[in-house]
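**Student:** Protein chains in written order, with numbering that gives the first Met the number 0: chain A, 0 to 345; chain B, 0 to 334.
It should be emphasised that the hints constitute simulated quantities derived from the structure, not laboratory data. As the structure is a computational prediction, the values presented were derived from the model and not from experiment. Where is the CB? At the ideal position from N, CA and C, for every residue including glycine. Some clues are possibly wrong.
What the hints assert, rightly or not - Taking CB as the label site, the calculated pair distances span:
no.	chain 1	residue 1	chain 2	residue 2	range
1	A	V336	B	L14	41 to 49 Å
2	A	A62	B	W206	52 to 60 Å
3	B	N141	A	I172	24 to 32 Å
Claimed, not checked - Facing chain A, according to a computed beta carbon distance under 7 Å, are these residues of chain B, among others:
no.	residue
4	S55
5	Q124
6	L166
7	I170
8	L249
9	Y285
10	R310
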Amino acid sequence: MNTQFWLVQAFNGISYGALLFLVGSGLSLIFGVMRIVNLSHGAYFLWGGYIALSVIGATGSWALSLPVAALAVAAIGIAMERLFLRSEGFEYLRNALIAVGLGILGALAFAARWGQVMGNPWIQLVVLTAACAAIAYFLLGRIAIVAIEADVLRQVLLTVGFAFLFQQAALDIWGGNNMDINPPSEFTRSVVIGGLYFPLYRLFMIGMAIAIGVLLWLVMEKTRMGAAVRATVDDAQMARGVGIDTNRISMFIFALGAFLAALGGVIGGAFLGIYPGLDFEMLPLAFAVVIIGGMGSLGGAAIGALAVGLADNFGKALFPEVSYFTLYAPMVLILAVKPTGLFGRE
Amino acid sequence: MASQRFKILLVVAVLAALAFIVPHSGSFVVLLATRALIFAILAMSVDLLLGFTGLSSMGQAAYFGVGAYLTAILATKMHIGLGWDFWLVVVLGMLLGAALAALFGLFAMRASGVYFLMITLALGQCVWGLAYRWNSLTGGDNGINVSARPNFGIDLTDERTFFFMVLGFFIFSLISLYVLVQSPFGRSLTGIRERELRMQILGYNTWLHKYIAFVIAGAFGGLSGVLWAHANGLVSPETVVLTTSVDALLMVVLGGAGTLVGAALGSVIVFGLREYLSTLVPWWQYVLGAVYVLTILYLPTGVMGIPARVRQYLASSRRKAKSDLTPKELASEPS
Numbered sequence: 000m001n002t003q004f005w006l007v008q009a010f011n012g013i014s015y016g017a018l019l020f021l022v023g024s025g026l027s028l029i030f031g032v033m034r035i036v037n038l039s040h041g042a043y044f045l046w047g048g049y050i051a052l053s054v055i056g057a058t059g060s061w062a063l064s065l066p067v068a069a070l071a072v073a074a075i076g077i078a079m080e081r082l083f084l085r086s087e088g089f090e091y092l093r094n095a096l097i098a099v100g101l102g103i104l105g106a107l108a109f110a111a112r113w114g115q116v117m118g119n120p121w122i123q124l125v126v127l128t129a130a131c132a133a134i135a136y137f138l139l140g141r142i143a144i145v146a147i148e149a150d151v152l153r154q155v156l157l158t159v160g161f162a163f164l165f166q167q168a169a170l171d172i173w174g175g176n177n178m179d180i181n182p183p184s185e186f187t188r189s190v191v192i193g194g195l196y197f198p199l200y201r202l203f204m205i206g207m208a209i210a211i212g213v214l215l216w217l218v219m220e221k222t223r224m225g226a227a228v229r230a231t232v233d234d235a236q237m238a239r240g241v242g243i244d245t246n247r248i249s250m251f252i253f254a255l256g257a258f259l260a261a262l263g264g265v266i267g268g269a270f271l272g273i274y275p276g277l278d279f280e281m282l283p284l285a286f287a288v289v290i291i292g293g294m295g296s297l298g299g300a301a302i303g304a305l306a307v308g309l310a311d312n313f314g315k316a317l318f319p320e321v322s323y324f325t326l327y328a329p330m331v332l333i334l335a336v337k338p339t340g341l342f343g344r345e
Numbered sequence: 000m001a002s003q004r005f006k007i008l009l010v011v012a013v014l015a016a017l018a019f020i021v022p023h024s025g026s027f028v029v030l031l032a033t034r035a036l037i038f039a040i041l042a043m044s045v046d047l048l049l050g051f052t053g054l055s056s057m058g059q060a061a062y063f064g065v066g067a068y069l070t071a072i073l074a075t076k077m078h079i080g081l082g083w084d085f086w087l088v089v090v091l092g093m094l095l096g097a098a099l100a101a102l103f104g105l106f107a108m109r110a111s112g113v114y115f116l117m118i119t120l121a122l123g124q125c126v127w128g129l130a131y132r133w134n135s136l137t138g139g140d141n142g143i144n145v146s147a148r149p150n151f152g153i154d155l156t157d158e159r160t161f162f163f164m165v166l167g168f169f170i171f172s173l174i175s176l177y178v179l180v181q182s183p184f185g186r187s188l189t190g191i192r193e194r195e196l197r198m199q200i201l202g203y204n205t206w207l208h209k210y211i212a213f214v215i216a217g218a219f220g221g222l223s224g225v226l227w228a229h230a231n232g233l234v235s236p237e238t239v240v241l242t243t244s245v246d247a248l249l250m251v252v253l254g255g256a257g258t259l260v261g262a263a264l265g266s267v268i269v270f271g272l273r274e275y276l277s278t279l280v281p282w283w284q285y286v287l288g289a290v291y292v293l294t295i296l297y298l299p300t301g302v303m304g305i306p307a308r309v310r311q312y313l314a315s316s317r318r319k320a321k322s323d324l325t326p327k328e329l330a331s332e333p334s
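Generate coordinates for the entire structure from the input sequences, incorporating the hints supplied.
**Tutor:** This is the structure in C-alpha cells:
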C-alpha cells in the first residue's frame, strides 16, 4: 500500500462520489421541500439508464441520450407527484389512470386464465380492459379519499409501490440482461499524470457533478425561485403564508430530483452497467448521502456524496468483510447525534 | 365488552379452521400458510411499534435477519438446534433479536417521525451490509443452506408437522402481544402514540416505554427469523434487504394498523398474492405494486377498517338522502 494505491483509490472514490451527488442531491431536495422519503428514486436512476440505452439504440448518439433520458424521467416524476403525492385537483385523472391500470391487469389475468377461448386476442383484450376499467373507475369514485399529505409513512409506502411497478415495467420493456452504456470512444482514453492513469470518463463525471452542483447552487442562492425553495425547506407553512406557491415549488423540485437521478443513471450506466435490481442497490447509497449531509441541504449532499464515495471505495479495498458496515455505521452515528444530518436545519 | 368477546371468538374460530383445513389441503397451501404465518409474527412485531406506539420502523428485517442467521450458523457450523436444543435456539433467537434492538434502540429512540424512519432504515442496512460482505460468517451473497430441520421425537421435516409448530408459535405470539397491548403498559403505549407530550406531562417516562416496546418487537422479529431459516432452508442477504422491512410495514397497513390480527391478515394476503401469482404469471409484481398503491390511497385503515368505513359511508349517505328531502317533507320528519 503505497502512495499510488491511496491516490488511485481516492480518485475512484471521488468520481464515485460525483455520481452519488447527482442521485443524492435530488433526493435531498425532495425531502427538504416535501418531507417525502422517495423510495422510487432508485427506479428513476435505473430508468434514466434504460431510456438512454433506447435512445442510443435508435439514434446512435450518446450526447443526445443524456437530455432525452433525464427529461423523460422528469416527466414521469411530475406525473407521479401531481397525480399521486400531491393530487389535489387531479383526483378524477388519478382515479381514471388507476382504473385503466387495473383494467389492463384484469384483462391480462383473464387472458392468462382463459386465453385459449379467445378469438382475436387484441380486440378482446381492449374490450376487456375497457370493461374492467369502467367498473374499477366506478368503484374508485365511490371511495372517500383520505389525504396522504400529512402522513409520512403512507407517502413512503406509496413510493415503494411505484418502485415495484417501475421495476417490473423495466423488466418487461428492456428485459433482464445486463447492459452497458458505451460513451463515445474519446472518453475511453486515460490521462497520465505523474505516472498514474486517470480514466477520462471518470474525470468527466467529476466535472459534470461540479458543473451541476455549481449551477444548482447559483439557482438556489441567486434567483428568486431558489429563495422560494429555501424558504419552503425551512418552513413550508410560513412560506405559504408570505405568498410562495409551495405547491408549484414541490412540483418543480420533484421534477428536478427525477431529472438529476436519471442523469446519474445515464452517466453511471457506463461503468456500473444497467441491470434489474440496480435501483434498489443505488437507493440505500443515495440515502446514505442524504442522511450524512443533512436532508434538504445542497452543500450537505455534496459532502455526503464525497464521504460515501470515499468510504465505499476505501472500505471495499481495506476491509472487504465489513465494507458496507463501515459505510452505514457512521451514518447511524451521525443520525443519532444530529437527526437532521450534518448540515440539515431543524 | 360483548363485542370484544365476539371478536376473540371469531379469531379463535378462524385459527381452528386454519388448523383443520390447511393440513388437509395440497402441499402448496401448507407451504404458503407456514410462510405467511411466520411473516405474520414479524408483521405483528411491526404493528406493536407502528399501530400501538406510533413508530414506523423501516428496519425490522434486521431482527428477522439475525434470528435467521443465528439459526443457520448454529445448525450448519455447530450442529446446534437440530434436536431438543431447537428450543434453546428459539430462546437464543429471541434474546439476540431483543439484544440487537436494545442496542439499535439507543440510537433510534433519539429521533422521531420521519427521522426515526430514516435511522431505522440505516440500522437495517448495517445488518444487511454485514450479511452481504462478512463471507466467513454469513457465506456472503450465496448465504447459508439449512438443509436439516430439527427432530426431537417430533420430526419437523414433515411440512404438515412444521406447519403445526409454526401455528403454535404464531398463537403464542398473538396471545402474548395481545396481553401486552391490553395491559396498562400497552395502554400507555397507545397514549404515547396519540400524544407523547401529554404522557410526558402526566409523568410517564415515554422514552423508556418506547424503548421497551422496541426491544420486545425485536424479540418477536428474532423469533420469526428462527422459524424462517427452517421454513425457507436458505438464509441469504435477500432475507435482510430493505424490501423485507417495507413488506412487513405494508402488511400492517394493509391489514389495519393497531389491530395485531390485521397484521396477520395482511401477511396472508401479501404472501398469498405473491406466491400464488408468481407461479401463474410473469407480471405478478404489478399486482404487488397495485396492492401498495391501492392500499395507501383508498384503504388507509386497512382491511380491518373496512366495516367502520362502510358504516361511515352508509351513515353519510343516509344523511345526504335526508337532506335531499323537500322542505315540506322535512317539516313532516320528526327531528
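**Student:** Falls inside 41 to 49 Å, the C-beta gap from V336/A to L14/B?
**Tutor:** 46 Å Cβ-Cβ, so the 41 to 49 Å window holds.
**Student:** Can we keep the S55/B interface hint, with Cβ of chain A closer than 7 Å?
**Tutor:** Given a least distance of 4 Å, the restraint on S55/B holds.
**Student:** Is it true that the C-beta distance of N141/B to I172/A lies inside 24 to 32 Å, as the hint says?
**Tutor:** holds (30 Å)
**Student:** So the hint says 52 to 60 Å: do the beta-carbon atoms of A62/A and W206/B match that?
**Tutor:** holds (56 Å)
**Student:** Per the CB criterion, is L166/B less than 7 Å away from chain A?
**Tutor:** Result: violated, 29 Å to nearest chain A Cβ.
**Student:** Taking the closest Cβ pair, is I170/B under 7 Å from chain A?
**Tutor:** violated (28 Å)
**Student:** Classify the hint on R310/B as holds or violated, based on whether any CB of chain A lies nearer than 7 Å to its CB.
**Tutor:** violated (13 Å)
**Student:** Min Cβ distance, L249/B to chain A: is it shorter than 7 Å?
**Tutor:** holds (6 Å)
**Student:** Does Q124/B hold up as a contact with chain A if the rule is Cβ-Cβ below 7 Å?
**Tutor:** Since chain A brings a Cβ to about 5 Å from Q124/B, closer than 7 Å, the hint holds.
**Student:** Holds or violated: Y285/B as interface residue toward chain A, Cβ cutoff 7 Å?
**Tutor:** Holds: closest Cβ of chain A sits about 5 Å from Y285/B, inside 7 Å.
Hint compliance for this structure: hints 6, 7 and 10 are not met, and every other hint is.
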